[in-house]
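Chains as they are written, first to last, in our numbering: chain A, 1 to 290; chain B, 1 to 354; chain C, 1 to 260.
Honestly, the hints are just simulated from the structure, not real lab data.
Check before you lean on any hint, since a few could be wrong.
[What the hints assert, rightly or not] Simulated crosslink set (DMTMM-like; lysine to aspartate or glutamate; CA at most 25 Å straight-line):
no.	chain 1	residue 1	chain 2	residue 2
1	C	Lys128	B	Asp8
2	A	Lys146	A	Asp119
3	A	Lys103	B	Asp206
4	A	Lys103	B	Glu238
5	A	Lys83	B	Asp8
6	A	Lys103	A	Asp119
Given the structure is predicted, the values throughout are model-derived calculations rather than measurements.
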Amino acid sequence: MNRTLAAALVLVLAPLGCGRGDVAAGPRVVCVSKQINEFLYDIDAESVLVARDLTSVYPAAIKSLPSVGYHRALSAEGIISMKPTMLLTDGNLGPDAVVEQVKKVGIPVLVLKPGSSIDSSQALMTRLGKEFHHEKQADSVVAAWKQAMATALADTSTWASPHPPRVLVMHLGQIANDYLALERGTVADQLIRWTGGVNAIDSVGGMLRLTPELIAKAAPDIIIATDVGFDRVGSADKFAAVPGVAQTPAARSKRIHRVDEIDLMYYSPRTPDVLRKFAGWVHDSTASQH
Amino acid sequence: MTIARRSDRTVYLLLALCLVASLVASASIGAFTFSPATMARYVGQSLGWIPASAPDALGRSVFFELRLPRVLMGALAGAALGVSGTLMQGLFRNPIVEPGLAGTSSGAALGAALVFVLGGGALSFHSPAGVFAVPLLAFAGAFAATMLVYRISSSFGKVNVFTLLLAGIAVNAVCAAGTGFLSYIARDPQARNITFWSLGTFTTADWRGVWLVGVCFAACFVLALGYAKPLNALMLGEDEAAYLGADPQRLIVRLLIVNTVMVAATTAMVGVIAFVGLVIPHVLRMMRSSSYTFLLPASALLGATLMAVVDVVARLVIAPAELPIGIITAVIGAPVFLWILLREQRQGSAGFYG
Amino acid sequence: MVELRGVSYRAGGALILDDVSVRFEPGQLNVVLGPNGAGKSTLLRLATGLVRPTSGEVRYDGEPVARLEPEPLARRRAVLSQHVELAFALPVADVVLMGRYPHYGRTPHPRDREIVSSALELVGMAHKRDQAYTTLSGGERQKVQLARVLAQIWSDDSREARYLFLDEPTNGLDVHYQLHILQVARGLMSPECTIVAVLHDLNVAFEYGTHFVLLENGRIAIEARTSAEIPANVIERVFRVRARRVRSADHAEEYWRFDL
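Just chain A, same shape as in the assembly:
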């Protein structure tokens, strides 16, 4: 009874002992990469996190962590004030000097470059599992992920067609006339290819700024628009009326669909589901339901 009471007292009083200067033992990680943050939650290692960057908002639980700012406009002091044991990044951060500054005060910086393929993303998750001693969780998530991908891909092989439909994945920016298409080499492009389509845009890179004429020239049969732009316009019908889009086969047959941007930024265990969604859009020639 006394021991239980003592234990209870310790549990109750322990948080009071955590003053500003009193830092809990164990790893304290500041991670400014969206993909790595999501993976940490996937493998149940999220407790190591003490801060995130502004754009890491998935899963929703991460929003309760303090943000150290936009990952391209970081401040070394802001990061260091979290008293981290490690700064974790995928290399996409700025300004460049921040990495040096953080290292200068003795905080290690771990750069894990994300892969441009499913395999390297899965390898990243395994690596994270090793780093934070959650190998078992990592292995099981990766295994399930591989299984889901295999099934999804197996299904897609029945979907290849002699006339691959032209697919355009695009952002409609906040500023009018801001069309950004995702080119070859991106996750979206890979998804298009897996589902037997072909990217309506013929260049390699990341994002390409388009004009209405270029969209019309690309003549996609299907347009997949990301959430921000689509929601601003309101509906598939309104989107079909956007200049440049209006002149495409996709608009005429009303094959315009909405996808969440977060699904396209990197490969993750959610990718198999996104793949199925894409497949449905590419191979179902009926008009959009949105």
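Starting from the known structure of chain A, arrange chains B and C on it as the hints suggest.
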């Protein structure tokens, strides 16, 4: 209106005290807060007077490696921009002149942007070659732009002030277009550096940068002080200055060079920060005197103080993230400037600050 | 003494001064007269050494002015312009102190400040020494400029040659300031001081001047010591007006009347 005859020394003392206070505040406040006692302890530890203690290690490291260079960089940048504004207003005999007006700031920005975008990995800021590449190209850009403006605006060996202002506008536009184009064609990593830096930041300040800006500023400031008398004479007009024994053409060229060096060094390190050179001399003239013997040292002190305060605000407003400096100076500077313009309108033909 | 020898000046294709030779002696109030466009201001600017003639030479007591160093020259030679722009609110005393710039390095000596006070007294502006320059009237400003110019060539060594040039110094000023400024100028006449003034008002000029040079289209029409030496028809031709002398009953005073 009678102008008080308090000694200039009193005002300098006041400004210096404000500067010290703002520097202490800037060194103290931020994501990490250091009390003066803590700062003293760190200094003692690093000088070996008291034994270093392990819990202090992180704080001490942050203080000496990050905070202190940043505070000094901010003060130096503010002083440089303040003095530069004063110099240019003296040169053009016009209080509505900025260091960026003769193309200096935008030329420096273009030079640095060239390194960021076309330099690639070999010339990145922290590589051995890159250390010199950015400031050097910034100097070159600022100098080329300023000399171009000067060439356009001088004929038969005399500088025409109005043409200088118009040429400055044209050259600024060209440099801005160049920088804009570079950031447009930049592949991702370089573009990051341009947009962030072009809004003005002290985040990346380190001791190397502090030395660079410090040496440039100190040299240029000493030279500028020697020109206080001729600048006063110039207020009466180029002919009058010539009658008083000055050589206006040589004076103008020398001052332009001194100004370019200061602004280029500052811009290369901290990006483009506007309005400081415009507002500081205004405030000092209203407060006290239009004589350059007073304005030059006072604008260094007040400029440094202002920048230290602005830096604190930048660190606090959206902590732990930081706001770009240029945004804050614009938010403060633009309304102040408009107010000055309105005041001037109301005064009518009583001249500036009459 | 200021001497112009065969001085010509050409600008923008036009010949503004054509082979002008004239001597301005010390101890006189030399006046240059002429209609607009005759070349008066150009003549003065050449005489001050600010501008080089296209041909010919300007000499100060035998020395070519082109060979003199600017700062030593500035200690002996001062120019009061028609209108001096000053857009910044300096106190009057500081403006006058600028006249002493050629005389001190970093900081003014006590003697410099004394000279400033004396100069202000001489022009009658001592009571406004702490006032902002920009709050003064046009006439007051010109008096302050005159004080500055005087301070510039103020010398304790009365044997040192000095040169004072006044370029239409009373333009746009009311009669009080016109007379006051010219009275001060007249009071400066001394064996060491060469004064050359460009004036536009003939009657005022003849009242105060002691040596007159009348310019016409870049050439000297006539030189005279008194107004009596200048025939009325010369005045009429040069200024394109009808001119006649008017004398008071006792012949003590004389002035010119003009009609078109």
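Comparing the hints with the structure gives:
With a C-alpha separation of about 21 Å, the suggested pair Lys128(C) and Asp8(B) falls inside the 25 Å cut-off, and the hint holds. Between Lys146(A) and Asp119(A), the direct Cα distance comes to roughly 9 Å. Compliance with the 25 Å bound is thereby established for this hinted pair. With a CA separation close to 13 Å, the supplied pair Lys103(A) and Asp206(B) stays within the 25 Å bound. Restraint check for Lys103(A) and Glu238(B): the C-alpha separation of about 55 Å exceeds 25 Å, so the hint is violated.
A threshold of 25 Å between alpha carbons decides the hint, and for Lys83(A) with Asp8(B) the separation of about 47 Å lies outside it, so the pair is violated. With a C-alpha separation of about 30 Å, the suggested pairing of Lys103(A) with Asp119(A) is violated against the 25 Å cut-off.
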